[in-house]
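Starting from the known structure of chain H, arrange chain R on it as the hints suggest.
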Amino acid sequence: MSIQPMQSTLGARMIGQWFTAEDLASRLNKYAGMLKTMDGGVTFSGGEPLMQSEFVAATIDRLKDIHITLDTSGFGPLSKFLALVKRSHLVLYDIKIMDERQHKNFTRYSNAIIKENLLALSDSGVPFYIRIPLVPRVTDTRENVAGIVRLIKDLPGLLGVDLLPYNTFAAGKYIPLRMDFYPGFDQSIENKIHLSLFHEAGIRVKIL
Amino acid sequence: MNARIERLKHWIRTREHRTDSFVNLCDFTKEMDADNLSWVRRVARLTTRMCEAQDIIINPDENIVFIQTTPVCSKVFSEEEWFKLIENKTLHEGVTSISNICPDWELLLSQGLEGRKRQAYSTRERLMNDLNVVDFIDACIETIDAILNLASRYRSKAEESGRYDLVEVFSNIPANPPKSFHEALQFLRLVLAVTWLIGHYQIGLGRFDQYMMPYLQNDFDNGRIDLSQAKELLADFFLSLNKDNDIYPGVQPGDNGQTIVLGGINPDGSSAVNEITRMVLQVTYELGMIDPKINLRINRDTDPDLLFKAMKLTSKGLGFPQYLNDDVIIPALISHGYSIEDAYNYSVAGCWEPIIPGKGMEVVNTGAVSFPYAADAALRAGLANGKSYEWMLEKTKQNINNQVRLILNAYSKILLGPSPCLSIMMDGCLEEGKDLSEGLEYNGFGIWGACAVSAAEALAATKHFIFDKKQVEPADLISALEADFEGYTSLRQLILDEAPRIGNNHDFVDSLMVELFDYFAEACENFGRNHRGGIIRPGVSTAMYYMWLAQGHDGMREPVVGTTADGRRKGEPFSANLAPSPDAYVAGPFSVLHSFSKIDFQRLFNGGPVTLEFSESIFRDEESIEKVALFIRAFIQSGCQQLQLNTLNRAKLLEAKINPWMYRDLIVRVWGWSGYFCELAAEYQDQIIARHVFGDSRN
Chain H
625 MSIQPMQSTL GARMIGQWFT AEDLASRLNK YAGMLKTMDG GVTFSGGEPL MQSEFVAATI
685 DRLKDIHITL DTSGFGPLSK FLALVKRSHL VLYDIKIMDE RQHKNFTRYS NAIIKENLLA
745 LSDSGVPFYI RIPLVPRVTD TRENVAGIVR LIKDLPGLLG VDLLPYNTFA AGKYIPLRMD
805 FYPGFDQSIE NKIHLSLFHE AGIRVKIL
Chain R
42 MNARIERLKH WIRTREHRTD SFVNLCDFTK EMDADNLSWV RRVARLTTRM CEAQDIIINP
102 DENIVFIQTT PVCSKVFSEE EWFKLIENKT LHEGVTSISN ICPDWELLLS QGLEGRKRQA
162 YSTRERLMND LNVVDFIDAC IETIDAILNL ASRYRSKAEE SGRYDLVEVF SNIPANPPKS
222 FHEALQFLRL VLAVTWLIGH YQIGLGRFDQ YMMPYLQNDF DNGRIDLSQA KELLADFFLS
282 LNKDNDIYPG VQPGDNGQTI VLGGINPDGS SAVNEITRMV LQVTYELGMI DPKINLRINR
342 DTDPDLLFKA MKLTSKGLGF PQYLNDDVII PALISHGYSI EDAYNYSVAG CWEPIIPGKG
402 MEVVNTGAVS FPYAADAALR AGLANGKSYE WMLEKTKQNI NNQVRLILNA YSKILLGPSP
462 CLSIMMDGCL EEGKDLSEGL EYNGFGIWGA CAVSAAEALA ATKHFIFDKK QVEPADLISA
522 LEADFEGYTS LRQLILDEAP RIGNNHDFVD SLMVELFDYF AEACENFGRN HRGGIIRPGV
582 STAMYYMWLA QGHDGMREPV VGTTADGRRK GEPFSANLAP SPDAYVAGPF SVLHSFSKID
642 FQRLFNGGPV TLEFSESIFR DEESIEKVAL FIRAFIQSGC QQLQLNTLNR AKLLEAKINP
702 WMYRDLIVRV WGWSGYFCEL AAEYQDQIIA RHVFGDSRN
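The listed protein sequences derive, respectively, from chains H and R.
In terms of our numbering, the first sequence is residues 625 to 832.
In terms of our numbering, the second sequence is residues 42 to 740.
Bound conformation, chain H alone:
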């Protein structure tokens, strides 16, 4: 893969940096005291931490006493997933589409692994939030949301649900990467937000 500069409003810039687990951990450890003072911590987030789980695990192992949050789509082999979960204090877990065919249609993959990993997460004892990105008429339908509620409502460890309303920002990433953006759905439609489904199931829900 060749590395090329990204186009931003400030002109072409090189974005990103190479790190070893040692480098990153030593950099984060400098802030350990400060993070503790403000009840903060470190979040391993997207891209997708499961794409480089060995690196993330090795980094976490080198961190001093710091609160760790894992922000993941849950799409990855169970062993790798659990390796990161057991190193975390909190997990933010994405669920997008319940229907397997629809899931394949929009993401190219089945959601079976995601559902299995969710159960494993719940069994692990690490507390978690479910995050639902609301895509108009794709994930925000009553049927899909109701399905998610059914799946999660009795899971031990569930702290609540964060709803992430749709935004058009993804398109902006395609331009600097010189790619075309065809979302496959109508971005201009307002999100439907079915809060009552969560309230009825007794799940704490928040719109971010």
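Since the hints were derived computationally from the structure, they do not count as laboratory data.
Treat the hints with caution; some may be incorrect.
[Unchecked claim] Each computed DSS-like pair below joins lysine-lysine, with the alpha-carbon atoms no more than 25 angstroms apart:
1. H:LYS654 / R:LYS668
2. R:LYS698 / R:LYS611
3. R:LYS504 / R:LYS639
4. R:LYS71 / R:LYS116
5. R:LYS353 / R:LYS693
6. H:LYS704 / H:LYS688
7. H:LYS688 / R:LYS639
8. R:LYS504 / R:LYS428
9. R:LYS353 / H:LYS830
10. H:LYS728 / H:LYS710
11. R:LYS50 / R:LYS272
12. R:LYS357 / H:LYS830
13. R:LYS511 / R:LYS436
14. R:LYS668 / H:LYS830
15. R:LYS668 / H:LYS660
16. R:LYS50 / R:LYS130
17. H:LYS710 / H:LYS660
18. H:LYS660 / H:LYS688
19. H:LYS654 / H:LYS710
20. R:LYS510 / R:LYS428
21. R:LYS504 / R:LYS438
22. H:LYS728 / H:LYS816
23. H:LYS797 / H:LYS728
24. R:LYS693 / R:LYS357
25. R:LYS698 / H:LYS797
26. R:LYS436 / H:LYS654
27. R:LYS668 / R:LYS353
28. R:LYS668 / R:LYS693
29. R:LYS353 / H:LYS660
30. H:LYS739 / H:LYS830
31. R:LYS668 / H:LYS688
32. R:LYS611 / R:LYS436
33. H:LYS660 / R:LYS511
Chain R in isolation, oriented as in the chain H frame:
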């Protein structure tokens, strides 16, 4: 805010309170010449006449009165006399009027003007053979009478208008100590306004919550007012501070130094926070006006709930409170010879310079050392002559030293005019028969060490590309600087992309900045005491020099610098105070705090905040405000001295779109995460700006 306060705010903001009689009609120099008055008596006469020249205005909605109705102050000397007087002298900011100090409001309130007058008479009797003392004391007595006369005119007007509440207030104050919170507030307003009338400026309100608490407590104990009435009176008072700020002089409108310092710790380690501390944070939040400027003294034990209240005020986007770290500032004052009691009682001058109420006659802002100029001159000379990097550092150091000497030599000839008015309110002037312009307990000179970030980055870029990597030829860098990078786009891009920048907790470039500040502190320390017996106080702020050092300003003593080797083009402003360069990529607010925490604030104690800009959108709900309040705890722990958090509004965001490099570190909340505004593509920016329309109209 109730309807009455809303009406008053509207009345002031729309400038409806400015009447037709608002004209310049004041010139009393002929009378002063005819009476052949001494300087100090001229100033007293000025006070008499300026007070007399005021129209008396009482708006039926007002509880705290006084409006300045003369836009310009009379001179005290004819032009000819004036030029004789100032020949071979240095004027501070072009005038002889004293500015940027903090009176002993506690003393003044507790004695009343009659109490101060009794002190004046007693000194006059004791030292009656010293004509200078008698002259000074008589000037003080005339000044007190001028203020009392102004107050009695307000009393009469109140009577005419059927405002018997104000009749009662002015029957007691400012002659006597206030009997209520209301009287204490009106006392302050009247006396502070008189200082502005006669040409003083940036006179601070000091530790307002401390000296006002006894009056409020007394009201509470007597059941005279309750908490909500107290808040309303406070709103009245704060509104009154905004009535005349359209005519106060300053570098920019609003630059008027009407500061209040809240909170802090006592010498026994206990907290000084009280009911007024919290009330002020809430009332200024509700009022949303530029004055007074709020400073909050905090330390590692500050109650999280107070930090939350302060952060709520920050989220309002007024640019205050400014957070002052007692854990850093108090030991620095003590180590510079301030008594323990005074150090714990510090307030701030117009912006951030720590000063002692009633005891400081310091000139905290004599000038700025241009670090970018020092580094640039050294780099250009060194590159042209094949010198080593160490040679350039040494030259930079020498230049910093020269700039310090230049300022201090100029200020060894400073001419400060007498001020019977302020002398009444300072410790020991009336007691010793000595005008405060002759000096008080603390007589230091403060100097700003300006724009060290850019200078350190220019040095770092030179070291990195020319000496370490040998990637750039010295001649090319010189030509690029001379051409303002015109035709050297790729070299400039290389510097911007790859040179180490401050704000990333990067040891090499951070330590260069620290070294520059240390040279500066050393130069100040080596100078010894000034001719007034005061110490030299180095600080880390830029004040307006982040603009002036790049673009020049009339009458400025400091050198202007052109294109600099950090990639900054000619005329582009530097970052203000302690902030990463406008075009630098920085990892985040933590790394910024870490970079600046390496500065030795025990030596560089004249003030200057780390300045961070947050968007309003990160303060989305109570939970987010709580999270940012926790960031303040990180600031305290970092060992930085002062912190300024700006919450940006829509107008600023629009400007940020046009000039992204000016707002490089602006953080916005996008949805569940925060990012740098300028790194978002245009459509992201537009979306956030659109969102802010609602935010603005809600506020």
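Evaluated hints:
1. H:LYS654 / R:LYS668: At roughly 20 angstroms apart (the allowed maximum being 25 angstroms), LYS668 (chain R) and LYS654 (chain H) satisfy the hint.
2. R:LYS698 / R:LYS611: holds (21 angstroms)
3. R:LYS504 / R:LYS639: Since the Cα atoms of LYS504 (chain R) and LYS639 (chain R) sit roughly 21 angstroms apart, the hinted pair holds (cutoff 25 angstroms).
4. R:LYS71 / R:LYS116: holds (10 angstroms)
5. R:LYS353 / R:LYS693: At roughly 20 angstroms apart (the allowed maximum being 25 angstroms), LYS693 (chain R) and LYS353 (chain R) satisfy the hint.
6. H:LYS704 / H:LYS688: holds (22 angstroms)
7. H:LYS688 / R:LYS639: holds (22 angstroms)
8. R:LYS504 / R:LYS428: holds (12 angstroms)
9. R:LYS353 / H:LYS830: holds (21 angstroms)
10. H:LYS728 / H:LYS710: Outside the cut-off at roughly 29 angstroms; violated.
11. R:LYS50 / R:LYS272: Given that 25 angstroms is the threshold and the Cα spacing comes to 15 angstroms, the pair holds.
12. R:LYS357 / H:LYS830: The given pair, whose Cα atoms are some 24 angstroms apart, holds under the 25 angstroms limit.
13. R:LYS511 / R:LYS436: holds (22 angstroms)
14. R:LYS668 / H:LYS830: With Cα atoms ~17 angstroms apart, LYS668 (chain R) and LYS830 (chain H) stay inside 25 angstroms; holds.
15. R:LYS668 / H:LYS660: holds (13 angstroms)
16. R:LYS50 / R:LYS130: violated (43 angstroms)
17. H:LYS710 / H:LYS660: holds (20 angstroms)
18. H:LYS660 / H:LYS688: holds (11 angstroms)
19. H:LYS654 / H:LYS710: Given that 25 angstroms is the threshold and the Cα spacing comes to 24 angstroms, the pair holds.
20. R:LYS510 / R:LYS428: holds (17 angstroms)
21. R:LYS504 / R:LYS438: holds (16 angstroms)
22. H:LYS728 / H:LYS816: holds (22 angstroms)
23. H:LYS797 / H:LYS728: holds (23 angstroms)
24. R:LYS693 / R:LYS357: Holds - the C-alpha atoms of LYS357 (chain R) and LYS693 (chain R) are around 14 angstroms apart, at most 25 angstroms.
25. R:LYS698 / H:LYS797: holds (18 angstroms)
26. R:LYS436 / H:LYS654: Distance ~34 angstroms between LYS436 (chain R) and LYS654 (chain H) Cα, so the pair is violated.
27. R:LYS668 / R:LYS353: The hint holds at about 11 angstroms.
28. R:LYS668 / R:LYS693: holds (24 angstroms)
29. R:LYS353 / H:LYS660: holds (22 angstroms)
30. H:LYS739 / H:LYS830: holds (22 angstroms)
31. R:LYS668 / H:LYS688: Roughly 22 angstroms separates the two Cα atoms, so the pair holds.
32. R:LYS611 / R:LYS436: holds (22 angstroms)
33. H:LYS660 / R:LYS511: violated (42 angstroms)
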